[in-house]
Amino acid sequence: MKGAKADPVIITGARVMDPASGRDEILDVRLKDGRIDKFGASLSAEGLKCIDATGLILAPGLVDVLVKTGEPGAEARETLRSAGNAAAAGGVTTLVVSPQTDPVIDDPAMVDFIKRRGRKRAAVHILPAGGLTRRLKGELLAEVGLMKEAGAVLFTNGDCPIGNAAIMRNALTYAGGMDALISNRPIEPDLSANGVMNAGDFASRLGLGGIPAIAERIMVERDVALAEASGTRVLIDQLSTGAALDVVRQAKARGVKVYCSVSIHHLTLNELDVGDYRTFARLSPPLRTEKDRLAMVAGISDGTIDAVVSGHDPRPAEEKRLPFSESSPGAVGLETLLSGALSLVHNGEVSLKDMLYVLSASPARLLGLGCGQLEVGCAADLVLFDRDKPWVCDANKLRSKSKNTPYDGRRMQGRVVMTFVDGLCVFKRQP
Amino acid sequence: MTKRYKDTFTGPHLLGIAGLNRLEVESLLDRAEDFVALNRRRDKHLDTLKGRTLVNLFFEPSTRTQSSFELAGKRLGADVINMAIKTSSVAKGETLIDTAVTLNAMHPDLLVVRHSASGAAALLSQKVDCAVINAGDGTHEHPTQALLDALTLRAHFGDLAGVRIAICGDVVHSRVARSDITLLTLMGAEVRLCAPPTLLPASAGQWGIEVFHNMDDALDGCDVVMVLRLQRERMTSACVPSTREYFRYYGLDRAKLSKAKKCALVMHPGPMNRGVEIDSEIADDLAISLITEQVESGVAVRMAVLAALAEGET
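Residue numbers (my numbering), protein chains in the order written: chain A, 15 to 445; chain B, 433 to 746.
Next up, chain B with everything else stripped away, as it sits in the complex (with noise of 0.2 Å):
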């Protein structure tokens, strides 16, 4: 593919979405609009990234993140390697810095890191010499999620400026939610948030962004509404009693979806717990469900984000 985009992202790293501007957002993905029309075709082979080296980096456990890298890796004709490290938590930070310069030092052209600790891929990318992607930190950033979403959202709207979409669920704990209100926002989309108290951070309302905390109000004429996974420890900690109580008032049903615009959309990006934060019906209606095309997006975005940076690099 020699088409020039108005590259405007270039790296050196993808850390997050903040800190970003909209022409790079939209360069990246433009280019990545090209790359779902290529992994659509029987041969999706490019040459890209030939002779460069991807190591895939995840201090958490991952399958579709990790494997979605390793396929865009691949597909760009890098040599890829995963390197999955389970640690105890204690010594964790440790082996962090230390597989960063042991890493270093076999000459890595681009690292994918997902790390449990927020502000971890930039620390790394601190101590290495080559461009770092954070494929998620903490409860930080997960920008490449931010963009596949986006690149979905783009194929059904086009312009995203006007578009409604309500972020439903556990946005405290969820870096995704941090991603995607972020980007959202910058694309010109209007974002809210609906979820109980205990699983908003204190300071959303000062996002400039409108919050909920009933689902009928903040499904209200939207286009699109996102669910985040509920993660089963919440349930422990008391930021919520049960999961039927809270399927109750914020899982997505029929009758919650029903508030939002006739043709909206359902995203999640997954893992899903279903009968929690979504009912089964709605994940399995491919005529609302998003789901799938985000895994897709997946795929071409970080495909994107890796020829963006490589292409820098030189």
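So here's chain A without its partners, still in its complex pose (with noise of 0.2 Å):
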């Protein structure tokens, strides 16, 4: 445990809301040896290092399903310190790294690798994906079992799906056998080939290449019917069309164990932010229309979207100093993520104990964590925020060595003020 030898300390006067259990009352709650020792109504703060958080939110820390960084390979990107403190900062007190890196996470001392590297590093959990297909090729399968023991939590080819539906039918009813969690990508590669942006009347004005919400929902329908038959658990990563939501919600209603993840900007952006071709609102998948915006934020309340994920995924100015079709997609949103999920709070779009939920309990519990709790004996990994507090984003303070955010330039409300990773303070904002 990070912070086993954290001294004991006591937080006292927050509104301590814990997803899971429904608790939302203001409570004192002590910290001991990396856990929570006690909640009470005013507890002894004697001889305890006291933390006065009236005012504040007190929740589970954030666990993001799946974050792209840039070690080993693309250290100039993100490493895992940089995303360690920019979750820190945002939070985020557990992530998945993607297997995308260089080499891939593909085998298992390489999930070995990752988690001593994140331990030794990073400020937060880290967790490793495991790849899917060796090298993410998409052809062989890698080796599910012997990576699962060293400790990688989900299998994915990242955030290039496999297209052949023969192996993803091999690689679910193997991992099936092994009890993992295997996520994809839902785009069907040929329909969208070389598009750039969600493809409408937008795209078609700025002349820019579209990827068609039908092949996300021919991808998502398609991997459904592969986890039907299997019975294999499958996260679907990252939805943004309301489409293919609906397959989930309508497969879920089946007994169909499959799930699905929404990144934040999907939740809180449309192609309207493209704008003037602006590169940092190209992401994957593509930002959509307002209509698809709105089916994933409905999608949080009525329980069919499982986590809420940062979709984080540093790129150089290098690669978004470019005309649109030439830059990279993606975008950084550790940091942003719980900014972002509380604009939709106070827009009055979804309620922020769903919010939440899907931010921490529920994907801690997708990928069978026994964290994004409040529960007495739980590792102390917390959250403390403000939920009002106004700013401004500036990409440029960012703490992501890339700076590329959509929310640049944006008006937010809600913020991070401490962040707790077994009891120990890893983050405070200095006001």
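The set of hints was computed from the structure by calculation and includes no laboratory data.
Hints may be right or wrong, so weigh each one.
Below, in silico cross-link-like pairs of lysine to any residue (SDA-like), each with a Cα-Cα straight-line distance of 25 Å or less [to be verified]:
#1 B/559 <-> A/290
#2 A/417 <-> A/89
#3 B/559 <-> A/191
#4 B/559 <-> A/289
#5 B/559 <-> A/343
#6 B/506 <-> B/496
#7 A/417 <-> B/506
#8 A/271 <-> A/335
#9 B/559 <-> A/342
Everything numeric in this text was worked out from a predicted model, so none of it was measured.
Now that you have both chains on their own, put them together as the hints suggest.
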């Protein structure tokens, strides 16, 4: 445990919100030996370090299901340390790193390397995702069992989806025997070839190649069918369209073990944010229509969406300061994840409790982790935030090595004040 | 030429037709009309742009647009240099910004740019201090082509209000079509599109214009038929099965043209694929083809744009 030797701390006066249990009251919380030690109306602070959190909300640290860093192989984009710092400043206490590194995370040695490196360098918990196919080429199965034993929490091909249905079927059938969680990006590769933004009127007017919504739906339909046939747990990685979300909703109703995530950018932005060829708004999947955005938001409240993620994908300036179609897709999001989510709460689009649930308890449960809840004895991975604090997002002030956020210049409301990992304060915002 | 124009168009850039209003367009066309007359004289030289530097920056090969801009600049007395930049597709973007910064340090006054990526001219305009003219960016806009089409049409119809124009062919991949649709609609013309559905944007129906998939219906009562170039690579991407099938249904020949008005005129932005989108017989019929007039208008329109931007600068 990172903070096993952390001094006992008492946090007083915070509104304690635990989306897993539904607890929502003003309480004092004592942290000891890296764990939540006690809740109480007015705990004795005698001899303990005391943090006055009056007016703030205390919630489980966020769990981000799939984050890209550049370590190893592209450290100029992001290292585990810089991603960890960004995560801590964003209230994210556990993150799963994508296997899309160089070399690729597709064997147990790499899984072990990421775990050890993360423990040593990063302020938050770093968990590796294993590659589902060797070198992520979508051809040969990677060593799912050995990687799972080494600590990989899910298996994915990153953002290059497995287009070949036979390979996907084998991967799911095999991984089912290991009780592994498989994640796939829902984009039909041929239909989205040459596309750089949502297909539609706006793309036509800008003269940009479109990625049609149906490319997502077809892939989701396929993966749902394969999940149903194999019985394996499948996480649909970052949905963006209402039609595909409907497919997941219906599958869940039938009892298929299918789960889905959505990125905060797809909940808060739409295709019009591409505006005048803003490459920071070039994402994968692309930003969709306002109707799709609203459908995704509704998916949080009705329980169809299991995880809200940052979609963190750091890209340095040289990959973004290009004509739109030649730039790389992706946006950083770890540091702005909670603020983006709070903007939906402030707009009255989703309740704070539902939002916190898909940011912490639900993804933790999906990954089989013990975190994401506030119970005595649980690891003290916590975020303390001011839900109303207004601020303006300045990309240059982000802690990520890459500054590509579509929120640049945007007025935000709500911000992380402190983050604890295993009872240790890993981030404190200077007033 | 000391004549004053109702100069509403002053720049600072010409990146597209979208964003221009009708007065700005009219002022450019008025100016261009005078340049048409000038260009027919033996002495075509003015010194409107004396001492100014015009850089033609072409990331995509072009003969007519580039030479048209070059002539326009030279006839107005500017110093003109042509930079044709051949790049691998990977390094292209880097070259764009790097070249922009380098060029900017040489203090050009007017920068004409063509690039294969939509939005490239707009991006460049953010990085340099001089006026940027979009000479075609990806499948986005080609504003001077639309202006020259409007000038050519104005010479024939005077007012474009109510003139029925069918734009036929590969609209989805055409920057010319996007600029033309915007401009001709702005001028009051009744624009129609005709192409197989694979060559039309799915959303074209929302553009306030009529969309057809059948040439006979589309050309009915048209004053003008504008034919777009069909690029050969469209055949390999399953947009159309073959050139002969395309010509059969969408190639402009006498039989299809007979559905339009009796004295209907034909335009093509060039270069033409004879026997694919247009029958040679039509292309070469000087009584109905405006194709060479379009080229003539091109130089005049580009002179008008350069002159207006240079004036706007001071």
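Hint-by-hint comparison with the structure:
A C-alpha spacing of about 15 Å is found between residue 559 of chain B and residue 290 of chain A, which places the hinted pair at or below 25 Å, so the restraint holds. Distance hint between residue 417 of chain A and residue 89 of chain A is fulfilled; the C-alpha atoms sit about 14 Å from each other, no more than 25 Å. Taking the CA atoms of residue 559 of chain B and residue 191 of chain A, the gap is about 56 Å. The hint is violated against a cut of 25 Å. With a CA separation close to 18 Å, the supplied pair residue 559 of chain B and residue 289 of chain A stays within the 25 Å bound.
Of the pairs offered as hints, the one joining residue 559 of chain B and residue 343 of chain A holds, with about 22 Å between alpha carbons and a cut-off of 25 Å not exceeded. Between residue 506 of chain B and residue 496 of chain B the CA atoms are separated by roughly 15 Å; this keeps the pair inside 25 Å, and the hint holds. Of the supplied pair hints, the one linking residue 417 of chain A and residue 506 of chain B is violated, its CA atoms being roughly 44 Å apart against a limit of 25 Å. At most 25 Å may separate the alpha-carbon atoms for a hinted pair to count; residue 271 of chain A and residue 335 of chain A exceed this at roughly 41 Å.
Between residue 559 of chain B and residue 342 of chain A, the direct Cα distance comes to roughly 20 Å. Compliance with the 25 Å bound is thereby established for this hinted pair.
Going down the numbered hints, you'll see the structure goes against 3, 7 and 8, while the others check out.
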